[in-house]
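Asks: Residues 1 to 850, numbered by full-length UniProt numbering, are exactly what the sequence shown covers, in order.
Quick caveat, the hints were computed from the structure, so don't treat them as lab data. Keep in mind that a hint or two might mislead.
As the list claims (entries may be wrong) - No farther apart than 30 angstroms at their CA atoms in a straight line, the calculated lysine-lysine pairs in the DSS-like style are these: (1) Lys239 <-> Lys132; (2) Lys385 <-> Lys416; (3) Lys15 <-> Lys132; (4) Lys15 <-> Lys236; (5) Lys280 <-> Lys236.
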Amino acid sequence: MLLNMTFRWHESGCKRPEVSTLSGTPCCQYCFALPSLEDAGNNPSSPVPQPPQLGNRAQMGLAWPCVVNYTNENNIPSDGEATCYVQSQMSGEEALGKDNRRDHGRRPALKSPESNSPKTSSHGYIRLLRLKPALVDDPIHADIELVHLQDPSLPRYEALSYTWSDGSGDFERSCPVFLGEYWDIAYITRNCEQALRAIRDHKFDRLVWVDSLCINQTCLDEKGDQVGLIRETFSKASKLIAYLGSESSESRALCFLQETSVAGPITSGSTTAIDRDLRKCFRALFQRPYFTRLWAVQEVLLARNLEIFCGRHSAPWPKWLSKLVDPGLQIPTWLFRDPSWYGFTGQDLLRILLNMSLYECSDPRDKIFAVLGLIYENDVTADYKLPVESVYTGITAYMMKNCKTMDVLALTGTKKTFDIPSWVPDWSHKRVRFFPDNLLGSEGEFLADDGILQVSTRVMFRGIVDCSHEPQISTDTWSMRICAVRLCDMTGMVCHRTNYTYVTTSFGQRGTFIITVPGRYEISTDAMFLLRGWDYPVILRYHADSDNYLLVPPCILSFGPPSSRSWMSPWEPKASSSRQDGIKVIPTSLTSQDTSPCLSTITSSTLNFLLLSLTSLRDIEARLRNAWDQSNRRMRWMFHDQGAAWKLMQELSRGHVDGLSGEGEMRLEKSESLGFAKYCSFEFPTGYHWDLRQFCWSFLRSPVPDLAATEHVWSPLFDELNSQLHEIRIWTKATKQLLQVFEFTQRILGDDWTAYPGNGLRQKWLDNYRNFQRTIEGDMQSHAQPTVHVDASYLWDWEEFETHLRARERLWDQKVPPELDPSVNSNVAAIIALTSLGLDFYNEQTVWIR
Numbered sequence: 001m002l003l004n005m006t007f008r009w010h011e012s013g014c015k016r017p018e019v020s021t022l023s024g025t026p027c028c029q030y031c032f033a034l035p036s037l038e039d040a041g042n043n044p045s046s047p048v049p050q051p052p053q054l055g056n057r058a059q060m061g062l063a064w065p066c067v068v069n070y071t072n073e074n075n076i077p078s079d080g081e082a083t084c085y086v087q088s089q090m091s092g093e094e095a096l097g098k099d100n101r102r103d104h105g106r107r108p109a110l111k112s113p114e115s116n117s118p119k120t121s122s123h124g125y126i127r128l129l130r131l132k133p134a135l136v137d138d139p140i141h142a143d144i145e146l147v148h149l150q151d152p153s154l155p156r157y158e159a160l161s162y163t164w165s166d167g168s169g170d171f172e173r174s175c176p177v178f179l180g181e182y183w184d185i186a187y188i189t190r191n192c193e194q195a196l197r198a199i200r201d202h203k204f205d206r207l208v209w210v211d212s213l214c215i216n217q218t219c220l221d222e223k224g225d226q227v228g229l230i231r232e233t234f235s236k237a238s239k240l241i242a243y244l245g246s247e248s249s250e251s252r253a254l255c256f257l258q259e260t261s262v263a264g265p266i267t268s269g270s271t272t273a274i275d276r277d278l279r280k281c282f283r284a285l286f287q288r289p290y291f292t293r294l295w296a297v298q299e300v301l302l303a304r305n306l307e308i309f310c311g312r313h314s315a316p317w318p319k320w321l322s323k324l325v326d327p328g329l330q331i332p333t334w335l336f337r338d339p340s341w342y343g344f345t346g347q348d349l350l351r352i353l354l355n356m357s358l359y360e361c362s363d364p365r366d367k368i369f370a371v372l373g374l375i376y377e378n379d380v381t382a383d384y385k386l387p388v389e390s391v392y393t394g395i396t397a398y399m400m401k402n403c404k405t406m407d408v409l410a411l412t413g414t415k416k417t418f419d420i421p422s423w424v425p426d427w428s429h430k431r432v433r434f435f436p437d438n439l440l441g442s443e444g445e446f447l448a449d450d451g452i453l454q455v456s457t458r459v460m461f462r463g464i465v466d467c468s469h470e471p472q473i474s475t476d477t478w479s480m481r482i483c484a485v486r487l488c489d490m491t492g493m494v495c496h497r498t499n500y501t502y503v504t505t506s507f508g509q510r511g512t513f514i515i516t517v518p519g520r521y522e523i524s525t526d527a528m529f530l531l532r533g534w535d536y537p538v539i540l541r542y543h544a545d546s547d548n549y550l551l552v553p554p555c556i557l558s559f560g561p562p563s564s565r566s567w568m569s570p571w572e573p574k575a576s577s578s579r580q581d582g583i584k585v586i587p588t589s590l591t592s593q594d595t596s597p598c599l600s601t602i603t604s605s606t607l608n609f610l611l612l613s614l615t616s617l618r619d620i621e622a623r624l625r626n627a628w629d630q631s632n633r634r635m636r637w638m639f640h641d642q643g644a645a646w647k648l649m650q651e652l653s654r655g656h657v658d659g660l661s662g663e664g665e666m667r668l669e670k671s672e673s674l675g676f677a678k679y680c681s682f683e684f685p686t687g688y689h690w691d692l693r694q695f696c697w698s699f700l701r702s703p704v705p706d707l708a709a710t711e712h713v714w715s716p717l718f719d720e721l722n723s724q725l726h727e728i729r730i731w732t733k734a735t736k737q738l739l740q741v742f743e744f745t746q747r748i749l750g751d752d753w754t755a756y757p758g759n760g761l762r763q764k765w766l767d768n769y770r771n772f773q774r775t776i777e778g779d780m781q782s783h784a785q786p787t788v789h790v791d792a793s794y795l796w797d798w799e800e801f802e803t804h805l806r807a808r809e810r811l812w813d814q815k816v817p818p819e820l821d822p823s824v825n826s827n828v829a830a831i832i833a834l835t836s837l838g839l840d841f842y843n844e845q846t847v848w849i850r
């Protein structure tokens with residue numbers, strides 16, 4: 001296998017090359033050949049292969065990384081069925097393209113017939129360059145050696161770090177180096193040649209690793225394998241040599257580093273003066289192209305020790321330098337091995353990708369591949385046979401499915417350089433280093449010119465949507481299938497600012513609903529969703545032709561005045577148990593359903609109860625219940641005499657009593673009325689109708705006594721009931737108002753909590769009395785004897801009423817657990833607030849995002 005491309009300039013019969021230099025030009029003393037550098041220069045080393053074009057997604061398929069379970073869209077199961085996953089069809093060894101055996105006792109052949117370059121056909125082997133000593137202007141000559149990184153006798157070597165291009169941006173490999181005993185010609189970039197000349201010793205060999213000569217850049221399988229060994233390659237090198245370029249005035253900074261290194265670690269409290277000129281030198285030094293190079297960051301982070309070269313001047317980088325210099329120098333933190341640049345597992349990958357996205361590389365795939373070596377437990381291997389789109393989509397799928405890192409969605413956007421799905425970030429661009437928490441910049445910048453936003457309150461979501469089910473990603477179309485809650489359609493007034501757009505919807509006295517989107521945004525066929533497993537809302541744009549969505553950048557939700565802010569503050573939950581466990585407490589404690597309702601139903605019913613608890617309904621019901629209890633204790637005993645009760649009902653039916661019915665109005669404070677409109681979206685019905693006959697009917701029991709026989713019989717309890725009609729009217733009104741409260745509760749809870757105490761009682765009160773009126777009451781008015789035995793559907797059951805009344809009292813008195821307390825749990829506060837503005841947290845559906 002060729003190492004890039006080399007040129008042999010000897011005569012074909014030359015078997016014993018004896019090469020010496022003559023005026024800087026190699027010459028073979030055996031065949032007397034001279035290299036024709038001009039001819040070779042017309043056909044320099046093969047260019048590094050560019051990323052392949054994507055072509056058709058369905059034909060390309062999505063199978064990288066091989067550790068990700070992809071879904072075959074043609075075999076998508078219905079909800080509740082098992083999912084058919086598609087993995088890479090290659091075995092583990094085939095996926096790596098290498099033999100994973102580490103055989104230290106047997107090495108592959110050191111030479112190929114075509115080249116002086118030994119093959120790295122087994123995993124774990126790397127090439128090293130043995131740089132031969134020479135004077136500064138002599139040709140560069142080196143041997144290529146093959147070593148195994150796990151070999152106990154691994155020779156001591158150094159690693160060279162540099163930029164392929166020089167200061168003028170020249171990437172061409174036009175400078176010759178001579179390799180092996182035949183001094184075969186290989187071409188490298190001018191900057192690489194200058195680096196090798198700078199580090200070459202004039203007396204001794206120097207064993208170094210140089211990427212352009214130790215990796216066959218034209219063999220994609222080998223390149224991917226060698227990139228996978230980068231971590232070991234650099235961490236096992238005794239030193240990293242960072243070549244910054246040619247010598248210049250700022251090289252004075254290296255003298256400072258040399259002196260600092262010789263002085264040793266500083267003691268606590270000591271300082272080192274840095275004058276203005278030296279500070280200027282440091283700033284110029286760190287503006288060199290080397291410090292913008294992505295691979296340089298990785299190489300420095302993996303190195304044991306670091307030595308910096310500017311031309312032939314060098315100095316070791318003191319590990320304790322961060323204690324010496326002031327922040328004004330703006331030295332990159334990765335030079336100090338800051339922990340934020342390293343990762344232990346794939347869950348750290350996104351953070352490091354964000355850090356590294358600010359740096360440059362010639363191959364956009366290296367935005368991903370160069371970062372993999374910084375993850376200690378990395379199970380993703382580089383594959384340079386893949387197009388950029390496959391790499392970016394695959395690494396995003398890996399983070400979401402294998403690492404549960406849904407925060408990667410915060411970096412998506414509609415502007416893409418490559419043909420990648422809307423849910424995949426374009427890593428070829430520099431990415432911002434923050435998530436939607438501060439998506440629009442600092443608070444001061446965000447609120448500078450918007451009075452409405454200055455007094456708004458940010459809505460926080462923490463684990464509101466269940467994350468137990470991971471998204472499914474199609475290997476055919478590269479679409480993502482995920483469960484989502486459709487909160488609302490995007491409507492409202494659009495206002496554009498320099499860096500963001502916000503959409504406002506006014507809800508009158510309940511406040512203003514604000515959706516803020518980074519960049520310029522226009523409403524289309526959009527809706528706001530919460531995706532399962534992620535805590536931030538997103539805007540999805542529907543496409544009817546393909547029945548799927550595009551992901552618009554994540555958004556921020558805020559409340560503007562005049563909404564109350566005290567219970568919407570972004571508190572973090574204090575309770576350790578999950579919200580989903582806590583949400584079950586109230587419904588299951590009082591409902592008597594035979595089967596437990598589904599989680600979404602429980603959540604909805606509990607939420608509506610919490611909305612009710614924020615109103616004054618509890619106090620209103622308590623006042624009415626106390627009034628009803630007082631009347632019940634004073635007068636209930638009189639109705640136990642059924643003869644007197646039926647006789648009173650007969651008198652009332654014949655119209656012998658004044659004030660039989662009327663209209664009433666429940667007295668509410670203005671704040672109480674506003675509370676119902678704010679939290680329940682309904683006005684509380686304060687008007688009611690009362691009927692004394694209907695109330696007295698409710699105490700009748702079967703069998704019906706002989707009314708004719710008792711009509712002229714004196715009854716002391718009948719007289720007592722007649723004398724208490726005024727008090728009975730008060731009792732009647734309290735009952736009707738309680739039944740009206742019951743009906744309002746039922747209206748708010750809807751069908752989510754059918755077993756809620758009091759549900760259906762008001763309707764039963766009306767229906768049973770109508771049955772009574774159509775039959776028995778007519779007989780009483782005409783002096784006819786009613787049927788002796790009356791069906792239960794014609795009467796009222798006060799025991800049932802009181803059972804529901806006491807159950808409601810216990811429900812109101814029950815202490816809300818911390819998981820449901822909006823003053824403790826920001827999730828509940830957010831849901832309550834948003835639900836009061838008409839958002840639907842229970843419209844869950846499965847969506848395809850392409």
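Asks: Hint by hint, say whether it matches the structure.
Replies: Now the hints, each set against the structure:
{"no.": "1", "hint": "Lys239 <-> Lys132", "in the structure": "19 angstroms, holds"}
{"no.": "2", "hint": "Lys385 <-> Lys416", "in the structure": "22 angstroms, holds"}
{"no.": "3", "hint": "Lys15 <-> Lys132", "in the structure": "22 angstroms, holds"}
{"no.": "4", "hint": "Lys15 <-> Lys236", "in the structure": "37 angstroms, violated"}
{"no.": "5", "hint": "Lys280 <-> Lys236", "in the structure": "35 angstroms, violated"}
Of the numbered hints stated above, those contradicted by the structure are hints 4, 5, listed in ascending order.
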